[in-house]
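A.B. asks: In the order they appear, the protein sequences are chains R and X.
Read left to right, the first sequence gives residues 1374 to 1493 (our numbering).
Read left to right, the second sequence gives residues 90 to 568 (our numbering).
Source of the hints: derived by calculation from the structure; they are not laboratory data.
Do not take every clue at face value.
Capping the alpha-carbon separation at 16 Å, the derived lysine to aspartate or glutamate pairs in EDC-like fashion look like this [said to hold, decoys possible]:
1. Lys1438(R) x Glu1448(R)
2. Lys144(X) x Glu201(X)
3. Lys526(X) x Asp504(X)
4. Lys1475(R) x Glu153(X)
5. Lys1438(R) x Asp1467(R)
6. Lys1475(R) x Asp156(X)
All values reported here derive from a predicted model rather than from experimental measurement.
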Amino acid sequence: MALIVIAEDEFLIAEVLVMMLEDAGHDVAPAAHGLAALDLVREKRPDLVITDFMMPLMTGLELAKAIRSDDALAEIPVILVSGAQGSIGRSHPDMFNAVLDKPYQEKRLLETVTRLLQQQ
Amino acid sequence: MHELPRLTSGIQGLDAILGGGFVEGASYIVQGQPGAGKTILSNHIAFANVALGRKVLYVTLLAETHDRLFQVLGTLDFFDPSRLGDEIAYVSVFQTLRDQGLPAVVSLIRKEISRQGATLLVFDGLLNARDRADSALDVKTFVAEVQSQAAFAGCTVLFLTSTRLADDSPEHTMVDGVIELNNELAGVRSVRRLHVKKSRGSRALDGFHQFDIGSSGVTVYPRLEIALAHPSQPETLVTGTVPSGVDGLDRLLGGGIPAGSVSLVFGPSGCGKTTLGLNFLSASSEAEPGLHFGFYETPARLHGKARAIGLDLQPLLHSGALGFLWNPMTENLLDKLAHRLLDEVRGRGIKRLVIDGLGGFERAAIYQQRLVEFFAALSNELRSLGVTTIATWELRDLFGPTVSTPRSEVSSLLDNLLMLRHVEVSSRYKRTLSILKVRDSDFEPVIHELVIGNNGLAVSLPLEPVEGAATGLAKPLGA
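Let the sequences and hints guide you as you build the complete structure.
C.D. replies: Set out below in structure tokens:
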């Protein structure tokens, strides 16, 4: 069982993500924006982070940069899931271990989560 | 007079209604029922400002996901997904509201405006904020705080809400402007209308203004009689006459049609109104471009009609000296028609115009009472642009003593009146022309026959003396 932090400002998406990942047997800690997610990451040291791009206070890219620049957190895999900014994410391969496009596809997301956790 | 700095709406017609656009740093409520067009209007405004280099923050309290919104916006021309994230950010504060309450939302918005460098904030979902508030005071405080913080940052705010807030609601009293959108049924059709209910610091155009939503987004059509309460420019006093294009007619008119005048040509179906218009337009040139603004014949049929009477309009159409603008007589918006006409006239410098006919405008008018003011504004503007206009009006009865012009008030707005009729004389039908009024000119008050010659319509001989020709039911003199 892994601990996953989710950064997603849209509550409908966040709630579905939590349910989906919990059903797959993970512990999930959701945050409503990037800054709150960074606090959670620092506090809980999760096994994986799933982040949206456009969020209040801190974008998904800023969140990933903050994680990578902190030696204690730098190795945590980060998945970006975005509707329109997927290309921005793909242009930063050092920041994101995987980039998925919205709308969410459950199977694809769970496969990516499993793969990244196995690589750990 | 001191003018306030403005933020353009980027919506055709809306800046004029707002008295020059939104006031920078001011806050507005945009309200309307679901489906009224608030979200498309505000996104259109947002992307128009992004295109001008502004940063926009779009904050939602909605259950709908942003992706779903982007899917819908993706069908509209103004939406540019490459701008998302950096130049325009969509953020949801629903969880912050649910978990921490309104004060936390205010704080978050303040930080976001500063972080994004936003000069336009759209807050979609004031209704949800109200539901969440413990009292009206909470929402009042929320609106006050968001708008004061935004104003501090020079950021203009649009609060969108699907409730119809009362005119004396705290929110209304606090914001600088209130724009209401509605989509109402008028008989079997529906009409979208916009109303600026409050506008602090701007002389907004009062009353309802029609708008529509198409693939290019929102277009608003300022109600003509208030948008052009006075013509857009002083009338260029054109003197003299222009050739009517109808052989023999200029002499009857006292030299030709007074330049820059509006003429009404009325008569029953088939009496030659459209043909007279085509003759008039056949005298168009690159120096005096012509336009046929019609409701009945398609451009192809008009072209065929002209050819059938010996008028070759092809070179004029080809060179751009003449254009046909057809408005199918289906569901039209009165002000959209007028703006379409005036945009074409201004854009192409039209000097010869045929409106065939005024009935097309009348049918499009949902509120018939305004037609007099509408035609006054339209005819004044056309005169001020130096356009010589012929408008047609179809009489309902082919024959008979009742001659109904388009309301007496409208007729008095027109400079020249020409009546065409079929007259039965000795078991033969004759087309006739009577001149009833010519602006500032003497004219020949004799009924003449009209014939179709080698060059379209032509004035022939005076009608033989009969009684009752004006009704179409002639009797021999003294009978």
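A.B. asks: Confirm or reject each hint.
C.D. replies: Evaluation of the provided hints:
| no. | hint | verdict |
| --- | --- | --- |
| 1 | Lys1438(R) x Glu1448(R) | holds, 12 Å |
| 2 | Lys144(X) x Glu201(X) | holds, 11 Å |
| 3 | Lys526(X) x Asp504(X) | holds, 7 Å |
| 4 | Lys1475(R) x Glu153(X) | holds, 14 Å |
| 5 | Lys1438(R) x Asp1467(R) | holds, 9 Å |
| 6 | Lys1475(R) x Asp156(X) | holds, 7 Å |
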